[in-house]
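Got chain A; can you put chains B and C with the ligands on it based on the hints?
Residue numbers (the numbering used here), protein chains in the order written: chain A, 1 to 324; chain B, 1 to 311; chain C, 1 to 299.
In case anyone wonders, no lab produced these hints; they're calculated from the structure. Incorrect hints may have been included.
[Stated by the list, open to error] As a list, the in silico DSSO-like pairs of lysine-lysine whose alpha-carbon atoms are at most 27 Å apart:
#: 1; chain 1: A; residue 1: Lys-123; chain 2: B; residue 2: Lys-7
#: 2; chain 1: A; residue 1: Lys-36; chain 2: A; residue 2: Lys-202
#: 3; chain 1: A; residue 1: Lys-21; chain 2: B; residue 2: Lys-206
#: 4; chain 1: A; residue 1: Lys-15; chain 2: A; residue 2: Lys-305
#: 5; chain 1: B; residue 1: Lys-206; chain 2: A; residue 2: Lys-15
#: 6; chain 1: A; residue 1: Lys-84; chain 2: B; residue 2: Lys-206
#: 7; chain 1: A; residue 1: Lys-260; chain 2: A; residue 2: Lys-12
[Stated by the list, open to error] With the C-beta cut set under 8 Å, the calculated list includes, among others, these residues of chain B facing chain C:
#: 8; residue: Phe-18
#: 9; residue: Leu-26
#: 10; residue: Leu-137
#: 11; residue: Met-140
#: 12; residue: Ser-141
#: 13; residue: Met-152
#: 14; residue: Val-246
#: 15; residue: Leu-248
#: 16; residue: Val-268
#: 17; residue: Ile-283
#: 18; residue: Leu-285
#: 19; residue: Ile-286
#: 20; residue: Ile-290
#: 21; residue: Thr-291
#: 22; residue: Ile-295
#: 23; residue: Ile-299
[Said to hold, decoys possible] Not the full set, but computed from the structure, chain B residues with beta-carbon under 10 Å of chain A:
#: 24; residue: Pro-45
#: 25; residue: Arg-46
#: 26; residue: Pro-96
#: 27; residue: Asp-203
#: 28; residue: Leu-205
#: 29; residue: Lys-206
#: 30; residue: Asp-208
#: 31; residue: Tyr-209
#: 32; residue: Met-212
#: 33; residue: Ala-213
#: 34; residue: Tyr-222
#: 35; residue: Ile-234
#: 36; residue: Val-304
#: 37; residue: Asp-305
#: 38; residue: Gln-306
#: 39; residue: Arg-307
Using N, Cα and C, we set each Cβ at its ideal position, and we do this for glycine too.
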Amino acid sequence: MASRKDILLEVKNLKTSFFTKKGVIKAVDDVSFTVKKGEVIGLVGESGSGKSVTSLSIMRLVPQPAGKIVSGEIIFNNENLLNKSETEMRELRGNNISMILQDPMVSLNQLLTVGYQIGETFKHHGKADGNLLDKCINVLKKVRVPSPETRVNNYPFQFSGGMCQRVLIGTGIANNPELLIADEPTTALDVTIQAQILQLMKDLRNETNASIILITHDLATIAQICTKVYVMYGGRIVEKAPIKDFYKNPQHPYSEGLIKSVPVLGKRVKRLFAIEGQPPNLLHPPPGCRFEPRCTKAKKVCSQKYPPEIELKKDHQVSCWLYG
Amino acid sequence: MKVFLLKRLGFAVFTMFFVVTIVFFLFRSGEADPAAIMLPPDATPRDMEILTKNFGLDKPLPIQYLNFLKNALRGDFGKSFRYNEPAAKVLFERFPASIQLGVTAFFFSAILGLSIGVLSAVRRDGWIDRFGRVLALGGMSIPAFWLGVMLMLLFSVNLGWLPVAGRGEGGLDTLRHMILPVICLSGYPIALITRISRSSMIDALKSDYVVMARIKGVPEPYVNIIHAFKNASITLITIMVPMATVMLLGSVVIETIFSWPGIGRLVVESTFARDYPVVQVFILLITFLITSAYIVADILYALVDQRIRFQ
Amino acid sequence: MKESGQDISQTFSIAPPDEASGKKLGVRTPYLGLFFLGLFFFMVIFADLISPYDPYASDLSKGTLPPFWEKGGSAAHLLGTDFLGRDQLSRIIHGSRMSLIVSLGCIAIYGTIGVILGLISGFVGGRTDMIIMRLTDIWQSVPGLIVILLLVSVIGPSAKTVIISIGIAGWPGYARIVRGECLSLKQRDFVRLAKVAGCSNIRIMASHIFPNTINTLLVLTTMDIAGIIVLSATLSFLGLGTQPPSCDWGLMLAEGRQYITYAWWLVTFPGVAIAITVIGFNLTGDWLREILDPKQVLR
Ligand SMILES: Nc1ncnc2c1ncn2[C@@H]1O[C@H](COP(=O)(O)OP(=O)(O)OP(=O)(O)O)[C@@H](O)[C@H]1O
Ligand code: SF4
Ligand SMILES: [Mg+2]
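For reference, chain A alone in the conformation it holds in the complex (with noise of 0.2 Å):
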């Protein structure tokens, strides 16, 4: 086990649901992780199986006033996140914790200078001392993106979607955070493009020794930056695996079914897990395993109860009746 000393982040049995008209979508149910210093993680799972919301509540901004979160602890730095007030989460985010929200053309505010936007990280934490501007140029540099000294008076419309996107890349490590989330950074972006944005992570990482929640369905970028993989399904967490693991032996059949349906090297493809059926109804979901309806290798139980975590090895877990 590790000592607590190297543990940046423990989610506890999170629970986070939406509230809304037509009922209580579950979108992330009794989810338990953790992330070490410098560790980079790789969230996988399909569109609507609750990665942005985990990470939204992580920050504490799950939106309102629909989502709460419900239960469970989030442990940073050996501080319940959920018992701090509106404050100090504040002076935390931007700070210690920061996000890559997952859109970038619409995350920045077109009525705003790109200079501006990237300067509140500096200002709203007391750092802005000496030359703002100079320090938004510096970051606009750090990115890469060219003629920094003009562009940091531009507005974002005046920016392409990569260019947005490493606007939100540099604002996201302007203050060298403890906890990176990047929320598919590199969706958006041409393959050289998406090159440069993953080293500049890994050059975070090792600077300051930063951990990293990298969230993508590109499974080759894990491959490239991450040490431990988690897949979601269904706003559970279904196997934990270290990189190596996940691709030569994955257990769960979710990750077996995602591995499988890769393309072949070389050939990118937009849409990845190609998987038989529809991802589960939060609303109403299945009672036992959530996969159940769409996986080959059910048996009975699977749909009676939820399986419990179990662990294969050090490091590697997974919630199927097939291991239990």
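Structure of chains B and C with the ligands alone, referenced to chain A:
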């Protein structure tokens, strides 16, 4: 942007022309004879003839129309039948009173409506939100004239605190005279501004750039004002600028109830008296102000949203 | 806008809302609004049965009686009488009909113009669309009040004038919204299929597009009726609308205004009737918007 504004200007001119033409022919198609309105009942047919000639009413319609256009371009809109003075002068003499009321009411409703709407959106379902919803429903549902009558009944007739009607004699007295009319005039605008600012703020607060700002650790007051309100203001400009111009023209209803000597009342009187030139100038003025309001709104959009400038 | 305290409940709360009280999850039914609306339509339908007197019958010996609970009032005239001795309750009940006739008349006129122009504009597109939208722009820069003033001064004040003038003035809103709906419906498969199947444009508009705008129109109409009732009452109040001796709430207020100093009931109850009816339509309209959720209607 310049081209865009020029287009807008051209459109405004065209609209004015369109309205002028329609108004002219509609009025001339009425059966009333202005001469009959102006002269005492015992006037001789000769008097009538002279008068008709003086007003140029004896010429064929197309000629009258051309003359009217020519004069209108010079700022001459004919004489009021009732006052026998230039119609524009009659109207503009009453303008200050309307502006006084309209501007006060506009600022009153803007301040109240915006603060209630924004606070309601920021603290949804809080007590301000509840109060704001009732206020908005009331403002939308209670006719201004009835509100006026009821307030007058309460504060002027029964309690005797405030004057019944008129504009007052300057200073504090004028202020006292303004209280009830301003409240009545503001009822609907407050409701509308509250509603629209609330819903556009809620939309803005839902967006990703607001989440992003919070992720950066931007404090809530900055999130609300710099990120959300700036975006919400685009919708607000759309409704508030035309609203401001209409309010500037005073209110036909409020001025009538409170005997406020503005152009709203003048227009109703002129309508009854079929004093066309005055009504005509009023219509032109209102069209002019509203078409200019759209141009002002466009300029404001461009100030808030740089995207427009680059298009 | 303090930082802590209140804000915590704003952005974060660990306690789930009461799951048992399903009310919070759904849209609240506007019982009050529906009740007011029911009352209004009850008056409209059964006016002749429920009004205690002939609303036009005057009896000068019983002029300006107060409502029954005031000194001098009697149970014979529950809401008192006006200066001609006409029973106020009966006049208010019958006045509901005038409100409904006027508002339906206006909607019928401008709804038809607006829907047709909106459908054509959205469906045909191109130049036609541009011309119609320009026309809509122009029309919207002319305040409705002007049209009304114009028509009143040309054809004289009457209920008919009000219906015609509001009818002529009001269509741009409908046109815009129907056009918006039409544009988005045009992209949908069933419309494309109908086109491929060789349906005529008019047929597609009438039987494929129009029925799909009904929800939106229902919301719009409910809200608009509220506005028209206020507007037409205002016009009657100014003497620009319905003329005596009609039963019309606005007109009743105008007549009562001269007696404001000693007959408060004459300026109070007709207004209450207007307010209640309009609140009914507004609340119901809000509710319809929540449940039907039309995209084009501004909140
Ligand atoms: N604001 C919201 N209101 C109601 N339900 C929501 C809201 N946001 C998310 N959800 C629900 O939460 C579930 C999880 O959503 P989430 O965004 O976390 O998925 P995701 O794994 O990030 O998917 P993607 O890969 O598409 O980003 C979804 O099924 C969705 O129904
Ligand atoms: S628990 Fe059963 S249904 Fe679920 S993945 Fe394992 S085998 Fe399939
Ligand atoms: Mg997501």
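Structure-inconsistent hints, enumerated in ascending order
1, 7, 15, 18, 22, 23, 24, 25, 26 and 27
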